[in-house]
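The primary structure of each chain is shown beneath.
2 protein chains.
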Amino acid sequence: MATPFVVIGGDAAGLSAASKCKRESPDREVVVFERGQWVSYAHCGEPYFVKGEVDKLENLLSLTPADVAERDIDLRRGHEVVAVDPDTDTVTVAGPDEEFEQPYGDLLVATGARAVTGPIEGSGLDGSFPLHGLDDAAAMRAFLLDPSEDALADVGGEEYVDRERVERFGAMDPPETAAIVGGGYVGVEMAEALSAHGLDVHVFQRSDHLLVPFGEAVGEVVADEFRERGVTLHLNEEVARLAGEGRVERLECGDGTALDTDLAVVGVGVTPNTDLLDGTGIECGERGAVTVDEHGRTSAEGVYAAGDCAEDDHTVTGESVWVPLGLTANRAGRAVGSTVAGDPTPVGSIAGTAVVKAFEEECGRVGLLEDGARAAGFDPVSETLTAGSRSGYYPGAAETTVTLVADRASERLLGGAIVGTDRAAVRIDTVATALEADMTVGELERADLAYAPPFSPVWDPILVAAKVLNGKLKN
Amino acid sequence: MATPFVVIGGDAAGLSAASKCKRESPDREVVVFERGQWVSYAHCGEPYFVKGEVDKLENLLSLTPADVAERDIDLRRGHEVVAVDPDTDTVTVAGPDEEFEQPYGDLLVATGARAVTGPIEGSGLDGSFPLHGLDDAAAMRAFLLDPSEDALADVGGEEYVDRERVERFGAMDPPETAAIVGGGYVGVEMAEALSAHGLDVHVFQRSDHLLVPFGEAVGEVVADEFRERGVTLHLNEEVARLAGEGRVERLECGDGTALDTDLAVVGVGVTPNTDLLDGTGIECGERGAVTVDEHGRTSAEGVYAAGDCAEDDHTVTGESVWVPLGLTANRAGRAVGSTVAGDPTPVGSIAGTAVVKAFEEECGRVGLLEDGARAAGFDPVSETLTAGSRSGYYPGAAETTVTLVADRASERLLGGAIVGTDRAAVRIDTVATALEADMTVGELERADLAYAPPFSPVWDPILVAAKVLNGKLKN
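In order, the protein sequences belong to chains G and F.
Everything in the first sequence is counted per this note's numbering, starting at 1 for the first residue and increasing by one.
Everything in the second sequence is counted per this note's numbering, starting at 1 for the first residue and increasing by one.
A hint or two may mislead.
When chains are identical, the list treats them as one kind, so a pair holds in a single copy or across two.
What the hints assert, rightly or not - Within a straight-line C-alpha distance of at most 20 Å, the following computed SDA-like cross-link-like pairs (lysine to any residue) qualify:
| # | residue 1 | residue 2 |
| --- | --- | --- |
| 1 | K467 | P346 |
| 2 | K51 | D150 |
| 3 | K51 | G198 |
| 4 | K474 | G342 |
| 5 | K472 | T440 |
| 6 | K472 | D379 |
| 7 | K357 | G396 |
| 8 | K357 | G198 |
| 9 | K472 | P346 |
| 10 | K357 | E228 |
| 11 | K51 | D262 |
| 12 | K472 | E24 |
| 13 | K22 | H295 |
| 14 | K474 | D379 |
| 15 | K467 | T386 |
| 16 | K22 | K474 |
| 17 | K357 | A398 |
| 18 | K22 | P4 |
Hints listed in this document are in silico derivations from the structure and should not be mistaken for laboratory results.
Turn these sequences into a full structure, and let the hints guide you.
Encoded structure:
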């Protein structure tokens, strides 16, 4: 009998791989070690759970442990893999009762990433949340409740949740002010979520615009939307510390700016969980994520990596990059599952496609914008313009701002961004598909995109941008 | 001085060409002959004007005659070109006062298409409308008004509209029942528009589903939506005639089915306006549309054709086809304008991308579906499935039905269709872009599309369909 396919981490990449391998090769033993209690949960849904649009924590689970068991996967929660030995093809597992060695035939490292809070002193205080994981989300939602309410019943997920933490935050007086440190995805989504609870929300951003990976144009539209919704922006502010007696009471910036606050969300970035691989000789990139080939194989025989702990090839540059995102984690996991089952399947490349909702504004980005393009050695030409989302005479037409970036010499499309209130986010998929196919701006300009007054003007905003950018390239 | 660039037809293709030529080559004389009074109007907006969502007729004008004059284009409304002579490079023009010869350096035939009503006996009766042109739309809206209201003031566009017709219909008692003959775009949009006025709406369709070019899956969802909205469907019904004393009173089908009705919309197709070219030797295809090369040149030296009267190359087959749609008319006109001004510009190909709103359902289609693919010599493999438009836990996730079609041997994507209530229509652009790039299903499956709970699940419905279709291709 073949030695088992062992998976470290029971979230998107890990369970996609385990499921796919089992489906393709039902006789193969598949063991998944998950150090926590939760598996296969929708990290991206947490802000909406905190906001209250998602009712219960368990709604965020794609698969329950029972679902996983039904697939005949040997899922061990509360089991932390503490060492990997590629020479003997074994991992060391710290279970709830004992530590043991587990041999593997194939191994998938799918340990994900964790929130970075280090640079902010005091981020360990009660009332400061990284919002990375369901227990953070549960605690924050409990905190927002009036102490007279039953926090555990409200958040749900009783079977897995950190009950003590939920009850402790549930008993506290709800916060009135929120300081969000970092204006990236988490910060933007949490600003909306906490505003919905009536809090006085402040966002602190180190640079001069929000959502840096989406480019300035998107950042400015979102900043306007925030101001309109009563969110206070503190741009170009470096937060130094959170202070308070046991719990957060005050935020202080490097330049002396301060804010009294009783809740803080620290969303200043994530880092891959790859400490486990230190000393194994398994190659990692400069950000610490595991380097893999087109099938997700690491530098060690029989060891794969996928998801937020692994690098991917960038769709535009072909270079290995670390861009932790949901779809690519799922896809890479699934591909590794197929490969391990005997059907070598490429994990695919990553274009860095991302969309985020900021109140009513829908934001999207993909590929390389100007700075990224320049850093990658291209000579970028960029166009940003605003066009209508529908025929001008049709009710509901909304301003849609599009950025497209191309390489001057080859005229190849390199990336784009979009923001608007009317179906803007999904339009970025047009640009993502064009990048996948290495299209030039001229080819995109000639794409036969959809037109009907309720959905798009004759020239979709993306076509308008392509048309103008192509004109620039010709001059 | 060069002889002028003469354009026949002052709508999308004609005025796009005239404007672009003037912009690139300001000294070139550009003359546009338009036989009617309206120019550059949004044909696709007419149902929404009838519905009442668009306030005034003039809102449907992209350019007014004054705008055109400002571009230094010599626009002659009420001038019909009655003959083209490619041997002498002249056209014969019937103006309001006299007939004259106009020499041309370059000529663009942009005469558009007209509604076909021929097969339906009695379609010339009052109260029967083809809905092809602003005067039809104006008359229909006037008809829907109570006679006590001022029809001319309500419809607007007083400067151009057929006032006599508006006043005559405005004075009639409003209809209570509407019979729509044909379940294509016009039929579907008019069903929504007339239902909004409280009419008892009946749709008669010759085949067994609505929106034939969108495939059965879309047709069925729209049929359900229609029934839910109180629209009565008569499928597999061949309408033989409209009958009445002077105006429509009754619709009769070939099989004896009949309906008392006081309004009829006949939307059974369009045909290119190319009678003018009979005997000129200018080549036309089997549907009567002008055959052109990649720059929109006809078989006669110096004569171009663009828009609804011309063929285009199909994106998937490369064959010359006649698919009259708005974007391609605008784009081809613009390209001809550049070419005539000395910058040869391809008119682009047509993928047949179309979207239409049916009450709350958004429908899209592109490329070749199964029948079309088979007719074009492919061996099509098709997959239709229903997936969520957002993460399942996020409010507003809606069922989205996707069809994708591929060629068995090459695995190349050939076409697709989509229907759903949540941002479904614009998602067809992903498929359109993939067709533009000759992508395989596997390549589409690996595209890095957007994911965020409010806008898309981890696997966008189009990716889910690509994944399943790719699985089928591998077996």
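So, going through the hints one by one against the coordinates:
1. K467 to P346: between (34 Å within a copy, 13 Å between copies)
2. K51 to D150: within (17 Å within a copy, 50 Å between copies)
3. K51 to G198: Answer is within: at 11 Å inside a copy they meet the 20 Å cutoff, but 40 Å across does not.
4. K474 to G342: Answer is between: at 14 Å across copies they meet the 20 Å cutoff, but 49 Å inside does not.
5. K472 to T440: This pair counts as within: shortest intra-copy Cα distance 13 Å, inter-copy 31 Å.
6. K472 to D379: Only inside one copy: K472 and D379 sit 13 Å apart there, 42 Å across copies, limit 20 Å.
7. K357 to G396: Cα proximity of K357 and G396: in one copy and across copies (18 Å, 14 Å).
8. K357 to G198: Within one copy only: 19 Å inside a chain, 37 Å across chains, cut-off 20 Å.
9. K472 to P346: between (37 Å within a copy, 18 Å between copies)
10. K357 to E228: Within one copy only: 15 Å inside, 32 Å across.
11. K51 to D262: within (17 Å within a copy, 53 Å between copies)
12. K472 to E24: between (50 Å within a copy, 15 Å between copies)
13. K22 to H295: For K22 and H295, the Cα distance is within 20 Å only inside one copy (18 Å; across copies 54 Å).
14. K474 to D379: within (14 Å within a copy, 41 Å between copies)
15. K467 to T386: Within one copy, since 13 Å is at most 20 Å while 35 Å is not.
16. K22 to K474: Classified as between: cross-chain Cα gap 18 Å, same-chain 53 Å, threshold 20 Å.
17. K357 to A398: Answer is both: 16 Å inside a copy and 18 Å across each meet the 20 Å cutoff.
18. K22 to P4: within (11 Å within a copy, 72 Å between copies)
In the structure shown, no violation is registered for any of the earlier numbered hints.
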